[in-house]
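Visitor: Dock chain B against the given chain A, drawing on the hints supplied.
2 protein chains.
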Amino acid sequence: MSFSFELIAEDKQARAGTIDLGHTKVETPIFMPVGTNASVKAILPCMLKAVGAQIVLSNTYHLYLRPGIETIEKLSGLHRFMGWKRGILTDSGGFQVFSLSDLRNINPEGVYFKSHIDGSNHFFSPEYVVELQYRWGSDIAMVLDECPPYTMDKSYVKKSLDITINWAKRSIRARREHTVNALFGIVQGGVFDDLRKEAAIAMKDLEFDGFAIGGLSVGEPTEDMYRVVPIVNEFLPKNKPRYAMGIGRPENIIELIGMGVDMFDCVMPTRNARNGTLFTRFGVVNIKRQQYRDDDRPIEEGCGCYTCRNFSRGYLRHLHKAKELSFYTLASIHNLYYYINLVKSARKAILNGRFRSFKDEFYALMKEGEADE
Amino acid sequence: MSFSFELIAEDKQARAGTIDLGHTKVETPIFMPVGTNASVKAILPCMLKAVGAQIVLSNTYHLYLRPGIETIEKLSGLHRFMGWKRGILTDSGGFQVFSLSDLRNINPEGVYFKSHIDGSNHFFSPEYVVELQYRWGSDIAMVLDECPPYTMDKSYVKKSLDITINWAKRSIRARREHTVNALFGIVQGGVFDDLRKEAAIAMKDLEFDGFAIGGLSVGEPTEDMYRVVPIVNEFLPKNKPRYAMGIGRPENIIELIGMGVDMFDCVMPTRNARNGTLFTRFGVVNIKRQQYRDDDRPIEEGCGCYTCRNFSRGYLRHLHKAKELSFYTLASIHNLYYYINLVKSARKAILNGRFRSFKDEFYALMKEGEADE
Chain A
1 MSFSFELIAE DKQARAGTID LGHTKVETPI FMPVGTNASV KAILPCMLKA
51 VGAQIVLSNT YHLYLRPGIE TIEKLSGLHR FMGWKRGILT DSGGFQVFSL
101 SDLRNINPEG VYFKSHIDGS NHFFSPEYVV ELQYRWGSDI AMVLDECPPY
151 TMDKSYVKKS LDITINWAKR SIRARREHTV NALFGIVQGG VFDDLRKEAA
201 IAMKDLEFDG FAIGGLSVGE PTEDMYRVVP IVNEFLPKNK PRYAMGIGRP
251 ENIIELIGMG VDMFDCVMPT RNARNGTLFT RFGVVNIKRQ QYRDDDRPIE
301 EGCGCYTCRN FSRGYLRHLH KAKELSFYTL ASIHNLYYYI NLVKSARKAI
351 LNGRFRSFKD EFYALMKEGE ADE
Chain B
1 MSFSFELIAE DKQARAGTID LGHTKVETPI FMPVGTNASV KAILPCMLKA
51 VGAQIVLSNT YHLYLRPGIE TIEKLSGLHR FMGWKRGILT DSGGFQVFSL
101 SDLRNINPEG VYFKSHIDGS NHFFSPEYVV ELQYRWGSDI AMVLDECPPY
151 TMDKSYVKKS LDITINWAKR SIRARREHTV NALFGIVQGG VFDDLRKEAA
201 IAMKDLEFDG FAIGGLSVGE PTEDMYRVVP IVNEFLPKNK PRYAMGIGRP
251 ENIIELIGMG VDMFDCVMPT RNARNGTLFT RFGVVNIKRQ QYRDDDRPIE
301 EGCGCYTCRN FSRGYLRHLH KAKELSFYTL ASIHNLYYYI NLVKSARKAI
351 LNGRFRSFKD EFYALMKEGE ADE
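Same order as they appear, the protein sequences are chains A and B. Residue numbers for the first sequence follow our numbering, so the first one is 1 and each next one is one higher. Residue numbers for the second sequence follow our numbering, so the first one is 1 and each next one is one higher.
Chain A with its partners taken away, still in its complex shape (with noise of 0.2 Å):
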């Protein structure tokens, strides 16, 4: 194993790079699809690969607590164990910790907290977590953090941000004993620019393989998100790969990689889809609609997917209310071979100098296409 990052074309803010992550090699920007409990809901590997994935998210919470770090040593690793030879991040669970288990108590040293799924009692420290990822053989580690809700005040703020800046240094010394594998530091900092600014200050010196921030999507206004990116990017180290996490909406991920973000993962294609919310070019199709009952066209006219290859809305439709289990997997082929394809699109316009107007034409068609409506 080993990690290195290049950077190939810059287009004002925006760069275009590759990841070789020595037995694969991920192209960026890059949208990593979201395979929680080692699995992208209701998508094989075959599939993920039809769409063009390189590199898929799973996370550590969910593993650590089920099948557990034993039963995937024993059937050798992560990628053995899910059968996907690409790419594979994991989240560090500090996430997860702090929006899905019950009674957590932070202190300098670790996080106590209870499993949403059996209510048992466990710790993860900043150098347990680096462990578990390379145990399992996690292409790319992240750093344990914490992750302050929206809604806390400055002084909460600033005090996790010493305390995930601690666990920093504290994965940093963690990870000499595991030289294989990459390991990102995380930059949180809420929405406070001087917060961020001290977060990203105190990250890039550190040698992490790359960078996330974290800490977005989590309730705030776009427009901060907008804000805080350009600010954490302006200190973070140009030869390093940067990862918003999390994010987004096909709008964010578009204007996070005109600041200069290199890489993405969020549940929105998939969980959306499972709900019967179809992403397009021209907007967005909501296939329980009526209106689609009887219409013989793709999702969406060009798509080269399995799904509009082969299928109608109305099928979909059918399918969607039939509550069959083909829908599920039929509309999250369409929607994360949307959304890959939209920043491997983001990606040759960097390529080619042409990042603005692939934008402009971007929201253009979205425009369009909601007048359709």
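Bear in mind the hints are in silico, worked out from the structure with no lab data behind them.
When chains are identical, the list treats them as one kind, so a pair holds in a single copy or across two.
Mimicking EDC-like on lysine to aspartate or glutamate, the simulated pairs with C-alpha atoms at most 20 Å apart in a straight line are: (1) K85 to D296; (2) K169 to D205; (3) K74 to E301; (4) K238 to D205; (5) K359 to E223; (6) K204 to E234; (7) K321 to E70.
Guide: Chain B only, in chain A's frame:
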């Protein structure tokens, strides 16, 4: 469209043949996956092809209620609707009217019933059911019949049979207005040998393209099934295919192939898959069991299905426990592959004149497997 059946080989009572549907061929004996709502549950058409399915079954009752005949016609027929270019057989809806709907009222004209979805009132006549199946482009249509519950006494079954025979004659007349595609008659008669004989004799001279044996696997002891099938087959013409509806367990299928049945359908492989019950040559694997937690072997050693080629029992158990949608797909792929290939192997054995030893091996492996558990 056209229909023909060629009997290629006989090995005692067992038969191997080919059904030519004009646009596609079906090699008999054949197992047909069930796609009740124009979708085999949790399985996409590309996977159906990969597991070797040549023809699938869909349900007139369900399709008529949802999405309805107008929608399927507007969306260019059932093949285009469900994205499936190979064969489609549609059940007449008789079985579902009697098993699913509330307040059905049968009379010699047809059957009044209430939708199990919204309670709305509907009427099926033999003529209308034939028309429906032709209108949505089914390759093989089934006649409307009454399938009396196993608990009914002989006088009820006799009266019911008279109606079913009368409906069969009306179906043949209705079919003359629709010259395309195939129509199969259905032999009823419950567990009463003389009624089964009467039913077979009444059907055999009607201009059907094939014959189904209905009213099996409705709660009767297996010995009743194994006794009435040969009685019926004795009177059915040799040059037309025979289809045992809703059968069944792997051993039922093997036994009935040995009695000269050519076609099978059953929800068992897909339904049991979703419950975590996986079929193998060595018996059943209940993937929920703790013993499979760290088991790196495939469901079945040597199985060529996508699931067995890529995933361990331990991973499948994890997906099942985490209620991941991919579990239903992976388990259904394996079970369908098992069923379809079991019947394909039986066909090969018949072509080689060694069906008897094939059957012996089938039972020997099962027994060996049971000893392991």
